[in-house]
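These protein sequences, in sequence, are chains A and B. Quick note: the first sequence uses the numbering used here, first residue 17, plus one each step. Quick note: the second sequence uses the numbering used here, first residue 983, plus one each step.
The reader is advised that the hints may include incorrect statements.
Okay, derived cross-link-like pairs now, PhoX-like style, lysine-lysine, Cα gap no bigger than 25 Å in a straight line [said to hold, decoys possible]:
| hint | chain 1 | residue 1 | chain 2 | residue 2 |
| --- | --- | --- | --- | --- |
| 1 | A | K19 | A | K86 |
| 2 | A | K71 | A | K19 |
| 3 | A | K71 | A | K34 |
| 4 | B | K1052 | A | K86 |
| 5 | B | K1033 | A | K73 |
| 6 | A | K73 | A | K87 |
| 7 | A | K86 | A | K34 |
| 8 | B | K1078 | A | K71 |
| 9 | B | K1078 | A | K87 |
| 10 | B | K1033 | A | K69 |
| 11 | A | K71 | A | K87 |
| 12 | B | K1078 | B | K1052 |
| 13 | B | K1052 | A | K19 |
| 14 | A | K34 | A | K87 |
| 15 | A | K34 | A | K69 |
| 16 | A | K69 | A | K19 |
Now the stretches of chain A that chain B is said to cover, found in silico as 3 or more residues with beta-carbon under 8 Å [claimed, not checked]:
| hint | region |
| --- | --- |
| 17 | 29-39 |
| 18 | 81-90 |
Over the 12 Å line for every Cβ pair with chain B, so calculated as not near, a few chain A residues [to be verified]:
| hint | residue |
| --- | --- |
| 19 | Q22 |
| 20 | S23 |
| 21 | D44 |
| 22 | N47 |
| 23 | Q53 |
| 24 | D54 |
| 25 | E72 |
| 26 | L94 |
| 27 | E95 |
| 28 | S96 |
| 29 | T99 |
| 30 | Q101 |
| 31 | T102 |
| 32 | M104 |
| 33 | V127 |
| 34 | L128 |
The hints are simulated quantities; they were obtained by calculation from the structure and are not laboratory data. All C-beta atoms in this analysis are idealised placements derived from N, C-alpha and C, irrespective of residue type, glycine included.
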Amino acid sequence: DVKVTQSSRYLVKRTGEKVFLECVQDMDHENMFWYRQDPGLGLRLIYFSYDVKMKEKGDIPEGYSVSREKKERFSLILESASTNQTSMYLCASRPQSTDTQYFGPGTRLTVL
Amino acid sequence: GQQLNQSPQSMFIQEGEDVSMNCTSSSIFNTWLWYKQDPGEGPVLLIALYKAGELTSNGRLTAQFGITRKDSFLNISASIPSDVGIYFCAGRLDYKLSFGAGTTVTVRA
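Turn these sequences into a full structure, and let the hints guide you.
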């Protein structure tokens, strides 16, 4: 079974803090994604990566950056957290050959 | 990203009922996907559709890829309590998915 893990299920941070969200997949997938999920808005793509050290902006990249130094790990960085970044963050991975994205359990981030 | 309109926003089910939800878009897609999210978990793929007009089943679930490529529906037959959760449609045109806002399914008391 594909396994996508995220470093924390719940996280509470203060405004202005630098926040790292980590995602690891164990199936050698080329593509990895970061989404945020907000009620009534569904899942919105923040960034994705199709290879090591490669990244592309999604629909809402402002206030975020990403890092992919190894194939299995994709990190989302909030350089200076703000209250409007309080949300559920979902990581996903996808092999090159299919449309199926496999999601992690999510990190619920609260910024105070 | 593309805008997907998913309806209904929420619904209550009674065990044994058939339920239905749909997604429409102003843009065409090459692939339609339906995901389900249980509380506290990430979404899990239920059904993938690759061809206009395609009708695909997965157990009690049936989904169709609309002929115009701008819509899709999902039916759940004979619902059971574990069907509760949030159902998302997603469409793919090029390299990324666009998601609907979700349909929250709750058991009617």
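Legend entry - Distance restraint between K1078(B) and K87(A), which requires alpha-carbon spacing of 25 Å or less: Holds, at about 19 Å.
Inset, instruction - Take the C-alpha atoms of K71(A) and K87(A), compute the straight-line distance between them, and say whether it is at most 25 Å. - result: 12 Å, holds
Legend entry - Assertion that M104(A) lies outside the chain B interface [Cβ separation over 12 Å]: 9 Å, violated
Legend entry - Proposed proximity, K71(A) with K1078(B) (alpha carbon, max 25 Å): 13 Å, holds
Inset, instruction - Could you check that no beta carbon of chain B comes within 12 Å of the beta carbon of T99(A)? - result: 22 Å, holds
Inset, instruction - Classify the label on E72(A) as holds or violated, using whether its beta-carbon is more than 12 Å from each beta-carbon of chain B. - result: 8 Å, violated
Legend entry - Pairwise hint evaluation, K19(A) against K69(A), where the allowed Cα distance is 25 Å at most: Given that 25 Å is the threshold and the Cα spacing comes to 21 Å, the pair holds.
Inset, instruction - Could you let me know if the closest chain B CB is still more than 12 Å away from the CB of S96(A)? - result: 25 Å, holds
Inset, instruction - Evaluate the condition: distance from the CB of Q101(A) to the nearest CB of chain B exceeds 12 Å. - result: Given that every Cβ of chain B is farther than 12 Å from that of Q101(A), nearest at about 19 Å, it holds.
Legend entry - Given coverage of the region 81-90 of chain A by chain B, checked by CB-CB distance under 8 Å (3 or more): Violated, because only 0 residues of the region 81-90 of chain A bring their Cβ atoms closer than 8 Å to Cβ atoms of chain B.
Inset, instruction - Quick one: work out the minimum CB distance from S23(A) to chain B and report holds if it exceeds 12 Å, violated otherwise. - result: 14 Å, holds
Legend entry - Hint consistency between K71(A) and K19(A) [alpha-carbon to alpha-carbon, up to 25 Å]: 22 Å, holds
Checked against the numbered hints listed earlier, the structure breaks hints 4, 5, 10, 13, 17, 18, 19, 22, 23, 24, 25 and 32; every other hint is satisfied.
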